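**Student:** All chains should be built: construct the whole structure from the sequences, respecting the hints.
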Amino acid sequence: MDLRRSMLFIPGNNPGMLQNGGVFGADSVILDLEDAVAPMEKDAARFLVAQALRTVDYGASETVVRINPLDTFAAVDIKAIVPCCPDAILVPKVESAADIHQVAAMIAAAEKPDQAPVKIIALLETPCGIVEAYHIAKADPRVVALALGAEDYTAGLGAMRTKEGTEIFTARTIVINAAAAANVQSIDTPYTDANDEEGLLTDTQLAKRLGFKGKLSINPRQIDVIHTVFNPSLNDIDWAQQVIQAIRKAEAEGSGVASLNGKMVDLPIVNRAERILHLAELLGLMGGEK
Amino acid sequence: MKNAIGREIPETISGIAAIKPFAGAFATSPKMTRQAPKVKTIKPTDRKLVDNLVEVFKKIPVTDGMTLSFHHHFRNGDGVVNMVLATAAQLGLKNLTVALSSVFPVHAPIIEQVKNGVVTGLDTNYMSGPVAQAVSKGLFSKPVVLRTHGGRGRAIECGQLKIDVAFIAAPAADEYGNLNGVEGPAACGSLGYAFPDAQYADYVVAVTDYIGEYPLSPISIPQTRVDYVVKVECVGDPKGIVSGTTRITKDPVGLKIAETAAKVIQATGLIKNGFAFQTGAGGASLATAAFVRKMMEKDEVVGSFALGGITGYMVDMLESGLFKKLMDVQGFDLEAIRSLSTNPNHLEIGADFYASPFNAGCAVNQLDVVILGATEMDTDFNVNVVTGSDGVIMGGSGGHADAAAGAKVTIIVANLLRGRLPIIVDKVLTATTPGETIDVLVTERGVAVNPLRADLKEKFLAAGLPVKDIQELKQLAEKIAGAPKAVKTGEKIVAVVEYRDGTIIDVVRQVEG
Numbered sequence: 001m002d003l004r005r006s007m008l009f010i011p012g013n014n015p016g017m018l019q020n021g022g023v024f025g026a027d028s029v030i031l032d033l034e035d036a037v038a039p040m041e042k043d044a045a046r047f048l049v050a051q052a053l054r055t056v057d058y059g060a061s062e063t064v065v066r067i068n069p070l071d072t073f074a075a076v077d078i079k080a081i082v083p084c085c086p087d088a089i090l091v092p093k094v095e096s097a098a099d100i101h102q103v104a105a106m107i108a109a110a111e112k113p114d115q116a117p118v119k120i121i122a123l124l125e126t127p128c129g130i131v132e133a134y135h136i137a138k139a140d141p142r143v144v145a146l147a148l149g150a151e152d153y154t155a156g157l158g159a160m161r162t163k164e165g166t167e168i169f170t171a172r173t174i175v176i177n178a179a180a181a182a183n184v185q186s187i188d189t190p191y192t193d194a195n196d197e198e199g200l201l202t203d204t205q206l207a208k209r210l211g212f213k214g215k216l217s218i219n220p221r222q223i224d225v226i227h228t229v230f231n232p233s234l235n236d237i238d239w240a241q242q243v244i245q246a247i248r249k250a251e252a253e254g255s256g257v258a259s260l261n262g263k264m265v266d267l268p269i270v271n272r273a274e275r276i277l278h279l280a281e282l283l284g285l286m287g288g289e290k
Numbered sequence: 001m002k003n004a005i006g007r008e009i010p011e012t013i014s015g016i017a018a019i020k021p022f023a024g025a026f027a028t029s030p031k032m033t034r035q036a037p038k039v040k041t042i043k044p045t046d047r048k049l050v051d052n053l054v055e056v057f058k059k060i061p062v063t064d065g066m067t068l069s070f071h072h073h074f075r076n077g078d079g080v081v082n083m084v085l086a087t088a089a090q091l092g093l094k095n096l097t098v099a100l101s102s103v104f105p106v107h108a109p110i111i112e113q114v115k116n117g118v119v120t121g122l123d124t125n126y127m128s129g130p131v132a133q134a135v136s137k138g139l140f141s142k143p144v145v146l147r148t149h150g151g152r153g154r155a156i157e158c159g160q161l162k163i164d165v166a167f168i169a170a171p172a173a174d175e176y177g178n179l180n181g182v183e184g185p186a187a188c189g190s191l192g193y194a195f196p197d198a199q200y201a202d203y204v205v206a207v208t209d210y211i212g213e214y215p216l217s218p219i220s221i222p223q224t225r226v227d228y229v230v231k232v233e234c235v236g237d238p239k240g241i242v243s244g245t246t247r248i249t250k251d252p253v254g255l256k257i258a259e260t261a262a263k264v265i266q267a268t269g270l271i272k273n274g275f276a277f278q279t280g281a282g283g284a285s286l287a288t289a290a291f292v293r294k295m296m297e298k299d300e301v302v303g304s305f306a307l308g309g310i311t312g313y314m315v316d317m318l319e320s321g322l323f324k325k326l327m328d329v330q331g332f333d334l335e336a337i338r339s340l341s342t343n344p345n346h347l348e349i350g351a352d353f354y355a356s357p358f359n360a361g362c363a364v365n366q367l368d369v370v371i372l373g374a375t376e377m378d379t380d381f382n383v384n385v386v387t388g389s390d391g392v393i394m395g396g397s398g399g400h401a402d403a404a405a406g407a408k409v410t411i412i413v414a415n416l417l418r419g420r421l422p423i424i425v426d427k428v429l430t431a432t433t434p435g436e437t438i439d440v441l442v443t444e445r446g447v448a449v450n451p452l453r454a455d456l457k458e459k460f461l462a463a464g465l466p467v468k469d470i471q472e473l474k475q476l477a478e479k480i481a482g483a484p485k486a487v488k489t490g491e492k493i494v495a496v497v498e499y500r501d502g503t504i505i506d507v508v509r510q511v512e513g
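Line by line, the protein sequences give chains S and R. Numbered according to the working numbering, the first sequence spans residues 1 to 290. Numbered according to the working numbering, the second sequence spans residues 1 to 513.
Since the hints were made in silico from the structure, they are not lab data. Treat the numbers as computed from the prediction; the structure is a model and nothing was measured. Worth double-checking, as some hints may not be accurate.
Simulated crosslink set (BS3-like; lysine-lysine; CA at most 30 Å straight-line) [stated by the list, open to error]:
{"hint": "1", "chain 1": "R", "residue 1": "250", "chain 2": "S", "residue 2": "208"}
{"hint": "2", "chain 1": "R", "residue 1": "94", "chain 2": "R", "residue 2": "40"}
{"hint": "3", "chain 1": "S", "residue 1": "208", "chain 2": "R", "residue 2": "298"}
{"hint": "4", "chain 1": "R", "residue 1": "479", "chain 2": "S", "residue 2": "79"}
{"hint": "5", "chain 1": "R", "residue 1": "325", "chain 2": "R", "residue 2": "408"}
{"hint": "6", "chain 1": "R", "residue 1": "272", "chain 2": "R", "residue 2": "231"}
{"hint": "7", "chain 1": "R", "residue 1": "38", "chain 2": "R", "residue 2": "142"}
{"hint": "8", "chain 1": "S", "residue 1": "42", "chain 2": "R", "residue 2": "250"}
**Tutor:** Structure (structure tokens):
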């Protein structure tokens, strides 16, 4: 399971941030060639990001590069970036499976023979992209996640962007459902007010409840809060351990049906408990030796 | 000869009295009695108010070869040092020693006074700007003495820094010599660094631009120690003296370091009722306070006191009930001044009370945790806060070595890479604070624990903190930035770095140019 609780944007034209991107503990760093970079600086940023991928140690963070949209510099970006072995490419403004086919073909053409396949994360940030979410997720085996970009999306709707996010509720659930149906991850839109920690907490808790597996982040200060929300709580871990014990006990007793605190433990519950324990183990939250 | 941390110290240094090498942070004990200033009397009809500096110079009289002392509470807004030295030059005085607790860019005119022979000695705890650069290039013929804030207090008390005349810049005075720092246009807050000067100088002159009604209240420095009061047009520029607000850094790397430092403090187990804390006013230090504050609030901890340079942030913690007291030797902003003048739990303390090692107990000894910075640190945990990467003097210990010696846990917060240079080196260019008093280094890429503190290392590992060997951190930095070439210095000793107990911990040599 690839952990993408937090995916942190790092401006591709900021050498200091590119050098330090690995120190913040984000599950993924997204070296950004798109919105963070002014048109005049695209060339310089592309060069910097390529160098950073070759030389900077991002530690445990997955390296993702957000390229420019297909109708601008996507082709140049892919050609320059893919041979530097990023883990994934974040493609902005994806609107159809055809977009993904095009990107996948360009990536395949740019990859070196011995290189691990570069993954694709599709950023859905237009009404069309939301409508096509499932087909986009299924378009190519390289696609590992759908991410929601709510700022452009609400602009496309002509809706007012609010902190509560009622205007993006539908889009959120569509993305989550499409991703789940296609067996890829769903990543929530960033919370754009870096100074509002309370707001970030509420928004991230909502994202987790709805089913997102992680959240985009525009500031390193947000990472701790995001991780706290997406990490299984001690209660979660406790519950999951009890579920597994109950099912083992039932198996040992030769009973087909297990129950915990009077509630039946069926397969979906076991699956959920296993997911929690797997995540807890991955994050070293299980106690005992670390 | 080599001192206890292996620094080469000459047996004799021209212009410096007997050299005692640093022997260990607590290895040297005093064998002396305190300095005794002149006993005075004045008649009931005598007045202390003097029209101008020339007159006061003549009354004392100030003569060739004297030591004149000053405090640095006006920081880069100070007008008094330059004014007094200009008067000395006007009167044709020569060979004076300036004992100014810190030197700022505004004090650049000192350079001219050295060139024309008015000033031949400098005794300070910190210097930055043109004077520091000129000192590094060999401005003085005898070395500058660099002390710590507590060490200066000690040197004054013990008569090693004998002050003939203390010129005390006073934001407010009355005509009979009571002084405070909380009123008047140049209000600066605490006058703590001038307390030892006022106690032990042969003559004390208050220089002010604000005369209040007698008796002035509150009284920071009392009439019993002040011989003359000189009213001048303006003692300093408020813009250089205080800042409106002190902001917490927004730099993500600085915040990452601060957050890790706070977790380190939490892991020591010292964040509990009675917690005593000191942190600096800048960068990651203040941000650490913000993260510590959150932890205190969450666990409903009420600390005992915060110490040192006081900012509005600390005042807010006092007023929010997170600390019971503030001990203020120096205020940094308007909030610190307001609080000092209105809150009885905000205490004004002197440099000796704050940090002198040779008295019956100073405040740093009561600290649980201090957060400090560093320009360089070596693999023995010795810290340099005096010279920069080019070998030029750009700071000084101030209270660094004092607080490090006193606190239960001393934490250095620093970027592993400063610009393109690793912070960790094999041997610091100038040692100012001995490694035995430094417990932890916190960087954005890991935490190094002094091997003397295996107890802490165990706690940090148990808390899941990113503990790394200091060699490992050094290699990590060098992998990114390469190993810097050693700075080339000349032979001439331009400054001696005195440890707080009066021993010599290092010397600073001239740089080219």
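**Student:** Taken at face value, is the distance from the CA of residue 40(R) to the CA of residue 94(R) at most 30 Å?
**Tutor:** 27 Å, holds
**Student:** Keeping to a limit of 30 Å between CA atoms, is the pair of residue 250(R) and residue 208(S) held or broken?
**Tutor:** Within the cut-off at roughly 28 Å; holds.
**Student:** Between residue 42(S) and residue 250(R), is the straight-line Cα distance small enough, at 30 Å or below?
**Tutor:** Status holds; Cα separation ~26 Å.
**Student:** Given the hint that residue 208(S) pairs with residue 298(R), test it: the Cα-Cα distance must not exceed 30 Å.
**Tutor:** 24 Å, holds
**Student:** Residue 479(R) and residue 79(S) were given as a pair; does the straight-line alpha-carbon distance stay at or below 30 Å?
**Tutor:** 28 Å, holds
**Student:** Does the structure keep residue 325(R) and residue 408(R) at a Cα separation of 30 Å or less?
**Tutor:** 19 Å, holds
**Student:** Between residue 272(R) and residue 231(R), does the CA-CA distance stay at or below 30 Å?
**Tutor:** 48 Å, violated
**Student:** For the pair we were handed, residue 38(R) and residue 142(R), check the Cα-Cα distance against 30 Å.
**Tutor:** 28 Å, holds
Comparing the model with each numbered hint stated earlier shows that hint 6 is the single one that does not hold.
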